[in-house]
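Trainee: Quick mapping for you: the protein sequence lines, in order, are chains A and B. According to our numbering, the stretch in the first sequence is residues 5 to 417, in order. According to our numbering, the stretch in the second sequence is residues 94 to 337, in order.
No lab work stands behind these hints, which were simulated from the structure alone. One thing to keep in mind: the hints can contain errors.
[Claimed, not checked] Beyond 12 Å from chain B on every Cβ pair, some chain A residues (computed):
#	residue
1	Thr-65
2	Gly-115
3	Val-273
4	Lys-364
[Claimed, not checked] Chain B side only, calculated, beta carbon under 10 Å to chain A, not exhaustive:
#	residue
5	Phe-120
6	Asp-122
7	Met-123
8	Glu-124
9	Arg-136
10	Glu-138
11	Glu-140
12	Glu-141
13	Asn-236
14	Asp-244
15	Gly-247
16	Lys-251
17	Val-252
18	Ile-323
[What the hints assert, rightly or not] For each label pair, taking beta carbons as the anchor points, the in silico distance ranges come out as:
#	chain 1	residue 1	chain 2	residue 2	range
19	B	Arg-203	A	Ser-95	33 to 43 Å
20	A	Pro-87	B	Lys-280	42 to 52 Å
21	B	Gly-100	A	Glu-326	26 to 36 Å
22	B	Val-221	A	Gly-310	43 to 53 Å
23	A	Asp-57	B	Gln-206	52 to 62 Å
For every residue, glycine included, the Cβ atom is placed at its ideal position computed from N, Cα and C.
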Amino acid sequence: ILALLPIPTHTFSPPSVTICPPIPHNTNHPNIHTSASLPSFRPFVTLPLFALDDGMVTRLTGIQRSFNEMTERLADPDVINDPKLLMKVMSERSKSEEIVQAFERYKGAEGDYDTAVEMMRESGDDPEMKEMAREESKIAEQNMVELEERIKVLLLPSDPNDDRNVMLEIRAGTGGSEANIFAGDLYDVYRKYASTQGWSCKIMDDSPGDDGGFKNIVLEIAGDSVFSKMKWEAGVHRVQRVPATETQGRVHTSTATVAVMPEVDDLDVQLDMKDVEISTMRSGGAGGQNVNKVETAIDLTHKPTGIRIKCTQERSQLKNKELAIQMLKTKLYDIELEKREAEERDRRGAQVGTGSRSEKIRTYNWKDSRCSDHRLGQNFPLQQFLNADIGPILDNLILKKQEELMKAMNENA
Amino acid sequence: WREDYEGYVSRLMDNEPVQYVVGEWDFRDMEDLIVREPTLIPRPETEELVEWVVTDLQDTTTTTTTSILDVGTGTGCIGLSLCLSLPSVTVTGVEPCSKALSLTTENKDRFQQAFKEGSTYEGVWKGVIGEYNKTGYDVIVSNPPYIPTGDVGGLEDKVKAWEDLGALDGGKDGMDVILDLLNYVDKGGVKEGGTVYVEGDDGHPGMVEDWVKRKGKGWKVEKRKDLRGIERFLKITKVGHGMT
Chain A
5 ILALLPIPTH TFSPPSVTIC PPIPHNTNHP NIHTSASLPS FRPFVTLPLF
55 ALDDGMVTRL TGIQRSFNEM TERLADPDVI NDPKLLMKVM SERSKSEEIV
105 QAFERYKGAE GDYDTAVEMM RESGDDPEMK EMAREESKIA EQNMVELEER
155 IKVLLLPSDP NDDRNVMLEI RAGTGGSEAN IFAGDLYDVY RKYASTQGWS
205 CKIMDDSPGD DGGFKNIVLE IAGDSVFSKM KWEAGVHRVQ RVPATETQGR
255 VHTSTATVAV MPEVDDLDVQ LDMKDVEIST MRSGGAGGQN VNKVETAIDL
305 THKPTGIRIK CTQERSQLKN KELAIQMLKT KLYDIELEKR EAEERDRRGA
355 QVGTGSRSEK IRTYNWKDSR CSDHRLGQNF PLQQFLNADI GPILDNLILK
405 KQEELMKAMN ENA
Chain B
94 WREDYEGYVS RLMDNEPVQY VVGEWDFRDM EDLIVREPTL IPRPETEELV
144 EWVVTDLQDT TTTTTTSILD VGTGTGCIGL SLCLSLPSVT VTGVEPCSKA
194 LSLTTENKDR FQQAFKEGST YEGVWKGVIG EYNKTGYDVI VSNPPYIPTG
244 DVGGLEDKVK AWEDLGALDG GKDGMDVILD LLNYVDKGGV KEGGTVYVEG
294 DDGHPGMVED WVKRKGKGWK VEKRKDLRGI ERFLKITKVG HGMT
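The shape of chain A in the complex, shown without the other chains (with noise of 0.2 Å):
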């Protein structure tokens, strides 16, 4: 009797999945191995129409692969002793677990299949066995193509600066004092959705409005996978709401811009301390010994792009200055990635990552209590925005995505 496969109950989960350009057939990838280490397990029997190609098996057996030798490493006395290496191979490792798993399963319905069609040939003359192989083979048929599915999603590319940190900045657009409040309605939605996160979400700096809110606002938010969620809301909000400054009852239309940078490795960005220009804030005076200076304000000014950074948050004058730099290492590293997104998209016409920085994403209408998605041409509860409760938005956000990247990769094929 065959033991029936175990159907998942929801086919993928959307957050683990994300953006980048495909893979070239060419690549030395190294999930990518010659067809000479293709595995003997394929039985005899005529493969179904609708099975995993050649090129996909060979890829995903490298994977397995890989994936077993990182579980062989972790045994390894060398990396259990190194704690930033073990978390490495355990981050890799971790990352190709859901394909190998959905591989197994896919091998093992497969073998269901084969097994089937098998019982079915043998069955000769016995109704009843060839309805019950014919059974078994419809339903291990069925499981093979929801899992071909499943691997192709898990086997899209994905975003490299998924797992960061992040930097992200609100700023008031148009509108005044109601930009500034607007800003910090923001900020409240993000600070509230972190916690819900499990995410630390600490100011990096500010400059609050007068009437409320912030002209400005750098947050430093970390934890899982940060990035491949809260990139979906760089760019620009629209507001459309009776201010609270307002005496006569008037909407009023007002903008803020978020910006999300992906936190950076000391390796990503070429930095020459040369061309940054460090001072204190407070300039004249006598300085050292002849004054007591609670205040340690470090001003950053990056000469070639002109970038200027401040930053108050320490009681230490060098933990000021390190925390500018990265800040600066962050922002050089946010424009070289807009740079080459507007490459690609330049050059092939479609969506990838998230968007220009000065696209208008979202409209929130406080009388039609409404939030408007563009990119999504859907509508949400404003009440749901407003409680942190952004999950919805993102998954349609990643889900739209994988449907272009799917398209776009069955396409190419």
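Once you've looked at the hints, dock chain B against the given chain A.
Mentor: Below, chain B alone, put in the same frame as chain A:
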């Protein structure tokens, strides 16, 4: 809690430095360096001084430990920060004020476990550098008193009324202790090829350069500005005559 709070507020209203009220403050990697009246509260400029030393020493690999003398330890911030940033250094301190000396020891106890591999803080000698007899260190670092006596009266109240004037007053042109230090270096305080890093007041590095020239020493003197643009730091490399 309310009594504590009101106590803090009244102290702050007395113009007491907030660092003394809190009792701890940041210095480089140390997030809770103990600070206590009247020992001088570490200045941000001194972080820059230590940064210079660390950057110079961190790339040199030696098979033996580097001996460092911290002249005028105060809270101990300079020497301790070096032990926390560099491996295989042995730091000794010189400090005339007993209150500062015990504060240095308290901070040493607090931060000892976090010292880099092979680094130790040997101890603090009570007295002034002019009377210190041990010589031959690899590196000397100091933030000595450097305010000219005439300027002390004009210091802001927050400094003048609370911090140890002995840690601030450097004599007529603020150079007294620095000169004592230079004489100590001359006597062999630092080995041949050894280095001396000093923080001073605006213009002191230039004055030291002149002194070295006048005395005909072949020592190399480098001057450096702080982040506000004031020429405050100097580094002497003790090279003898005939050595380049």
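Trainee: With reference to the structure, classify each hint as holding or not holding.
Mentor: Evaluation of the provided hints:
1. Thr-65: Nearest chain B Cβ is 45 Å from A/Thr-65, so the label holds.
2. Gly-115: 56 Å, holds
3. Val-273: 20 Å, holds
4. Lys-364: 41 Å, holds
5. Phe-120: 6 Å, holds
6. Asp-122: Holds: closest Cβ of chain A sits about 8 Å from B/Asp-122, inside 10 Å.
7. Met-123: Since chain A brings a Cβ to about 8 Å from B/Met-123, closer than 10 Å, the hint holds.
8. Glu-124: 8 Å, holds
9. Arg-136: For B/Arg-136, the interface hint holds, since the closest Cβ of chain A sits about 6 Å away, which is under 10 Å.
10. Glu-138: 5 Å, holds
11. Glu-140: With Cβ-Cβ at 5 Å, under 10 Å, it holds.
12. Glu-141: With a closest approach of 8 Å, the B/Glu-141 hint holds.
13. Asn-236: 8 Å, holds
14. Asp-244: 7 Å, holds
15. Gly-247: Interface hint status for B/Gly-247: holds (9 Å vs cutoff 10 Å).
16. Lys-251: Where the cut-off is 10 Å and the nearest Cβ of chain A is about 5 Å from B/Lys-251, the hint holds.
17. Val-252: Since chain A brings a Cβ to about 5 Å from B/Val-252, closer than 10 Å, the hint holds.
18. Ile-323: 6 Å, holds
19. B/Arg-203 - A/Ser-95: 33 to 43 Å: Since the Cβ atoms of B/Arg-203 and A/Ser-95 sit about 35 Å apart, the hinted range of 33 to 43 Å holds.
20. A/Pro-87 - B/Lys-280: 42 to 52 Å: 48 Å, holds
21. B/Gly-100 - A/Glu-326: 26 to 36 Å: Given range 26 to 36 Å: holds, Cβ gap about 34 Å.
22. B/Val-221 - A/Gly-310: 43 to 53 Å: For A/Gly-310 against B/Val-221, whose Cβ atoms are near 50 Å apart, the range 43 to 53 Å holds.
23. A/Asp-57 - B/Gln-206: 52 to 62 Å: 60 Å, holds
Violated hints are absent here; each numbered hint is respected by the structure.
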